[in-house]
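The primary structure of each chain is shown beneath.
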Amino acid sequence: MKKMTLIILLLAFGVWAKAQKNEGEVTFKRTTSWTKMNDQMTFLSKQQKEKNAYMFGNIDISTQTYTLFFSPKGSKYEEKEENTNGYSWRKEQFVIYRDFENETLTDVIDFLGKTYIVEDSLERPQWKILNDIKDVAGHICMKAQIKDPIKNQVIVAWFAQDIKAKAGPERLWGLPGLILELDINNGACVISASKIEFKKLTTELDFPKKLKGSKIKEVRYQQMIEKHVKDKFKEEVNPFWSIRY
Amino acid sequence: MNRILVLLSVLLLLAITQLYAQNPTRISIKGIVQDTNSAVLADATVMLLSPSDSSLVNFGNANEKGVFEFRNVKNIPYLLKISYVGFLPYQQHLTPSPTAINDLGFIKIKPISQELLEIVVKTAKAPLSIKGDTIEYNAASFKVPPGSTVEDLLRKLPGIEVDGSGNIKAQGNDVKKVTVDGKTFFGDDPKAATKNLGAETISKIQVFNRKSDQATITGVDDGSKEKTINLELKENFKKGEFGKITGAVGTSDRGVLRGNYNRFNKKEQFSVIGYANNINETGVNWSDYGEFKGNNTFSSFDNGDFGFGSGGDAFFIGGDDDLLSSFNGKGFTNNLGGGVNYNYTNDKTKLSTSYVYNQTKLNLDQNQNKRTFLQNGSFSTLDTSSTVSFRANHSISGRWEQMLDSTNTLITKANLRFSNSNSAVGTRQEYINNNDALQNRINLNNSSNLNAYNLNGTAIFRHKFKKTGRVFAASSSFVRSTTDGTDNIRSLTQFFEASNPNDQIRAIAQLNQNANRTLTLKAGLNYLEPLSKRFFWENFYNFSNNQQNVGRDAYNGLIETQRYDSLSTYYENQITYNRFGTGLRFNKKGINLSLGVAALRYDLTGKVYPTEGGNLTTQISKQYDAIVPNFTATFNPQQSTYIRFGYGINVNAPSISALQPVIQNTNPFYITEGNQNLNPTKSHDVNLSISRFNQSNFTSINLWMNYNYYLNQVVYNQTVDANLVTRTRPENMSGAESFRTNLYSSFPIIKTKWTTNLSVNYNLSNTPTLVNSVLNTTNSNAYSANIGFSITPSDKIFVTLGGNYSINNIKYSIETRQNQNIISKGLNIDAKWSFIKKTFLESSFNYTGYENDRFNFSQNIPILNISVRRLLMKDNRLEARLAAFDVFNKRQAITQTGSQNFVTYQQAFTLARYFMLSLTYNVRGHDAKLKKNGNMF
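Just so you know, the sequences run in chain order A and B. Residue numbering for the first sequence follows the working numbering, beginning at 1 and increasing consecutively. Residue numbering for the second sequence follows the working numbering, beginning at 1 and increasing consecutively.
Think of the hints as simulated: they come from the structure by calculation, not from any bench. Just so it is clear, CB atoms sit at the ideal spot from N, CA and C, and this is done for glycine as well. Treat each hint with caution, since some may be false.
[As the list claims (entries may be wrong)] Okay, the calculated beta carbon distance ranges per label pair:
{"no.": "1", "chain 1": "B", "residue 1": "Asp103", "chain 2": "A", "residue 2": "Glu25", "range": "25 to 33 angstroms"}
{"no.": "2", "chain 1": "B", "residue 1": "Phe390", "chain 2": "A", "residue 2": "Gly187", "range": "29 to 37 angstroms"}
{"no.": "3", "chain 1": "A", "residue 1": "Gly187", "chain 2": "B", "residue 2": "Val340", "range": "30 to 38 angstroms"}
{"no.": "4", "chain 1": "B", "residue 1": "Trp286", "chain 2": "A", "residue 2": "Ile150", "range": "29 to 37 angstroms"}
{"no.": "5", "chain 1": "A", "residue 1": "Glu25", "chain 2": "B", "residue 2": "Ile749", "range": "45 to 53 angstroms"}
{"no.": "6", "chain 1": "A", "residue 1": "Gly187", "chain 2": "B", "residue 2": "Arg263", "range": "20 to 28 angstroms"}
[Said to hold, decoys possible] Heads up, simulated BS3-like pairs for lysine-lysine below, C-alpha to C-alpha not over 27 angstroms straight-line:
{"no.": "7", "chain 1": "B", "residue 1": "Lys464", "chain 2": "A", "residue 2": "Lys91"}
{"no.": "8", "chain 1": "B", "residue 1": "Lys588", "chain 2": "A", "residue 2": "Lys212"}
{"no.": "9", "chain 1": "A", "residue 1": "Lys21", "chain 2": "B", "residue 2": "Lys110"}
{"no.": "10", "chain 1": "B", "residue 1": "Lys361", "chain 2": "B", "residue 2": "Lys467"}
{"no.": "11", "chain 1": "A", "residue 1": "Lys80", "chain 2": "A", "residue 2": "Lys230"}
{"no.": "12", "chain 1": "A", "residue 1": "Lys29", "chain 2": "A", "residue 2": "Lys199"}
{"no.": "13", "chain 1": "A", "residue 1": "Lys91", "chain 2": "A", "residue 2": "Lys212"}
{"no.": "14", "chain 1": "A", "residue 1": "Lys114", "chain 2": "B", "residue 2": "Lys753"}
{"no.": "15", "chain 1": "B", "residue 1": "Lys533", "chain 2": "A", "residue 2": "Lys199"}
{"no.": "16", "chain 1": "A", "residue 1": "Lys73", "chain 2": "B", "residue 2": "Lys65"}
{"no.": "17", "chain 1": "A", "residue 1": "Lys49", "chain 2": "B", "residue 2": "Lys751"}
{"no.": "18", "chain 1": "A", "residue 1": "Lys21", "chain 2": "A", "residue 2": "Lys114"}
[Said to hold, decoys possible] Covered by chain A, according to a simulated footprint, are these stretches of chain B (three or more residues, beta-carbon under 8 angstroms):
{"no.": "19", "stretch": "82 to 96"}
{"no.": "20", "stretch": "582 to 594"}
{"no.": "21", "stretch": "637 to 643"}
{"no.": "22", "stretch": "711 to 725"}
{"no.": "23", "stretch": "922 to 929"}
Start from the sequences and build out the full structure, keeping to the hints where you can.
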């Protein structure tokens, strides 16, 4: 009888442990290298790119910390408030909600000084699956890739083989495992998981009582980005100084 | 009958074929995932990809029995992919299924060798790339000691064996070929590459099977495969170099030679730079300076002065900034300079060293008209002077930043500098009194030379505690400097109003020998403690001690053994500064408030001796205490909107030169003497700034205001005697105030094509001084406005237009009739036009007008520069340029100032019209297009 209880307990624990593996919180470090970003600026000559790398090559990195809450139902991704040096900057609004049950997205995004709420149905990104494997934060990940033609980005994602969740950092999702790392344009921006905590989520995925901002559709949001990128290229200014990379 | 039978058979056959050809449109695909030992792999990830581009079509998981099923999927070709931790990704091509259920049965997937997984993937964190049966693994992160060869690196890789003589085996097979970036290296011997190439140059190692050369040449695949290793070089290890050299000749013997050369790899940067010219380029421009300093360009801002506000002196930066051109627009200069710079950077260390030499010879002729106001009138001084001077500097600098570990950082820097300079100034001054009569005339012929040496060093240490936000920092620095110089003063003065013939002429010949020594020691401590998520407590301590020894021996310039005791002195001065401060900071989502208070003490001592080693004649010792508050608030209510407000009290010790009890009689009509009794200056400082940038319409607006009120300000009070000799002495006076404000706005008129900027300034100052013991308050109200347009109608034409107007209204309480307006106005047009491919026309026109109604002074200066340049050779390596500078031959430097109790205007001659032909060779080629936004990013 005792043995039986133990087995049941073990089984229950096993089920619980398994259930826990697709729900929790991930801390991401988002690192941007401004001189690497220059490779994409077609208006800069090779000489200018080299010169910038020569002068700014090791002081051009900026790092931010983000949190991703994920469960089979959905996910929420936002910047973590940190003030380690006793000074606090106003955070850019970038809160990404994904509802996998109702297949909807609700993103609160600051864009050129205005706050928008992008609300639309979820469309799965067109991922390509590649053959490489790599370790990220203790999990073996497979490689996937996607292109963003509007921002002219090649994004490499590394998704965990053993965390069955569709969620991911930034606005990306839809792989057979949780995305633990994104590499945009060969290291110009790298978003990499530094800590993964499996736990039962309670209210983390809920919307705040009131979302402030003007509501737009995904298509409109992409159009705004496209216009901005085009304008700034015409001015020969890096468009990602003023919008998110 | 037979016919019917045949027909039926054919129909039946057709029906069967039809049945087979008619694949179902939707099918189920299922299978069971197992390992090679037939153990079930529960929860394996199963994906359906499109075979053409590997894009993900569908995915699911195997259940606890390893069974997976895709239901109701399109019946098209797929690439089935299965992934499972610890196993090689499995791939299988699926063709359209003839049946509704495509049962793939048992699918066996192979484990990854434990060694590979543990060492490559887990430990080295290197990505592993798998193509079919062969593993191409990329191993950039295997640690080998510096200087190791590729062979040493290969020994560390799992699955690869290297024997004693360097033969390589991969997965048990001999490696026949080693390629570098896909190319054969050093012939056919695989060992040639692995023994000769440095491990640090390699980013990836790929081991794969490749058709034998025989098969590649004949095209007949004999099935034999060779194990091959490909070494991929690090992208940024590929070495680079750039540089350019310019030579130019011009009319009136003008010439330029200028060049720089840089070599770099990922860790090291090496550069040399040099210039020589007689066209008033006293150094290099900012862009060339940045290339010279490389990634050390922005390291000069290390700050060891902790705490709020200023106080004490800023930490010595001591760099080689003297390479930067700093010509003030006056005179003619011959310049020569150069330097070498070396930077080393890795994850933890940043080391920079440089040596710089520069020299400038200046020839300057200028005229000055000065009017000085007294309590009962005014007098004018007309100067004509001619200066020849030379200065040369040697400077050696080093900076070393080391991350000792993840919590400790140490920055040290040092600079050693030698300089020598000499000058000869001939001046004729005429003093015209209130009645417009020439009262005195003086001819001055002064010369001097000076040798100076300066050594300074700084160390800053930072420690981050485990508790987030708790930071400790300590700093210390020293400055040692000595100067050694002589002044030769010769003057002949005529007093036209003297009645006694003995008083009508006076001649001075004097030789001063000056020796100064300074030693400054500084230290600082800073501690930041987080009290909660929102509150921080900051504590700091600053210490500095400045010791100065001034020796001056004045002799008769004709009889050099005759010492003038009244003009000679030996002086020791010491200023000690201690400050302790504490403050509370609050921050929350873009709101930062900081409130603090500091207690400070200055100890000033001064000792005067008649000569070095003589008996003490005067001793001064004083102490000055103050408690100063500080408050700052910053708000960031919206993205791109910033508001900052600050209030504080600054306390600054008087300058050493103001404290020295040394009589400066270089000009016998303007005699300055230091004052040992000076107290530190206290100032209240209030500032406000607001800036907003609207990103959607690119409109920006900035406003800043600053108000200062001074207590015990050091001002130079004057006594003017009947002979118009001015004696001036620094003294403390309270009541001066200044207010400055600026409003700037920039907005597009036609987006991306036409931008406008506007700027308005207003400066107010009230400065009290004593003139012959009468209080004079100088009130200055200066207004200025600028408007500018930048127009880029196409990629080939850039135009900027601008205009400015400024007026300074000055009122003297001592002599209100002399209130006056100083006006300057300007107009500028710049245009760049790429009128033929690789050919550019560039011109700038500047028109400046200066006016002063009291002097009846009005001068307009139009300056036009035009140049044409063309890019030549492959990659545009050569640039030829023909330029005309100052086409109208009008250039001169005009300065108008009004302050205290005087107003001046000054005209200096400088380089005017010349034509120049220059050639520039650039190793990497020149840009063939006009730049819209300079060089930065």
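Hint-by-hint comparison with the structure:
{"no.": "1", "hint": "B:Asp103 - A:Glu25: 25 to 33 angstroms", "in the structure": "violated (41 angstroms)"}
{"no.": "2", "hint": "B:Phe390 - A:Gly187: 29 to 37 angstroms", "in the structure": "violated (51 angstroms)"}
{"no.": "3", "hint": "A:Gly187 - B:Val340: 30 to 38 angstroms", "in the structure": "holds (32 angstroms)"}
{"no.": "4", "hint": "B:Trp286 - A:Ile150: 29 to 37 angstroms", "in the structure": "holds (36 angstroms)"}
{"no.": "5", "hint": "A:Glu25 - B:Ile749: 45 to 53 angstroms", "in the structure": "holds (50 angstroms)"}
{"no.": "6", "hint": "A:Gly187 - B:Arg263: 20 to 28 angstroms", "in the structure": "holds (24 angstroms)"}
{"no.": "7", "hint": "B:Lys464 - A:Lys91", "in the structure": "holds (24 angstroms)"}
{"no.": "8", "hint": "B:Lys588 - A:Lys212", "in the structure": "holds (19 angstroms)"}
{"no.": "9", "hint": "A:Lys21 - B:Lys110", "in the structure": "holds (25 angstroms)"}
{"no.": "10", "hint": "B:Lys361 - B:Lys467", "in the structure": "violated (57 angstroms)"}
{"no.": "11", "hint": "A:Lys80 - A:Lys230", "in the structure": "violated (31 angstroms)"}
{"no.": "12", "hint": "A:Lys29 - A:Lys199", "in the structure": "holds (20 angstroms)"}
{"no.": "13", "hint": "A:Lys91 - A:Lys212", "in the structure": "holds (15 angstroms)"}
{"no.": "14", "hint": "A:Lys114 - B:Lys753", "in the structure": "holds (24 angstroms)"}
{"no.": "15", "hint": "B:Lys533 - A:Lys199", "in the structure": "holds (24 angstroms)"}
{"no.": "16", "hint": "A:Lys73 - B:Lys65", "in the structure": "holds (25 angstroms)"}
{"no.": "17", "hint": "A:Lys49 - B:Lys751", "in the structure": "holds (26 angstroms)"}
{"no.": "18", "hint": "A:Lys21 - A:Lys114", "in the structure": "violated (38 angstroms)"}
{"no.": "19", "hint": "82 to 96", "in the structure": "holds (count 6)"}
{"no.": "20", "hint": "582 to 594", "in the structure": "holds (count 7)"}
{"no.": "21", "hint": "637 to 643", "in the structure": "holds (count 4)"}
{"no.": "22", "hint": "711 to 725", "in the structure": "violated (count 0)"}
{"no.": "23", "hint": "922 to 929", "in the structure": "holds (count 7)"}
In this structure, the earlier hints numbered 1, 2, 10, 11, 18, 22 are contradicted, and the remaining ones agree with it.
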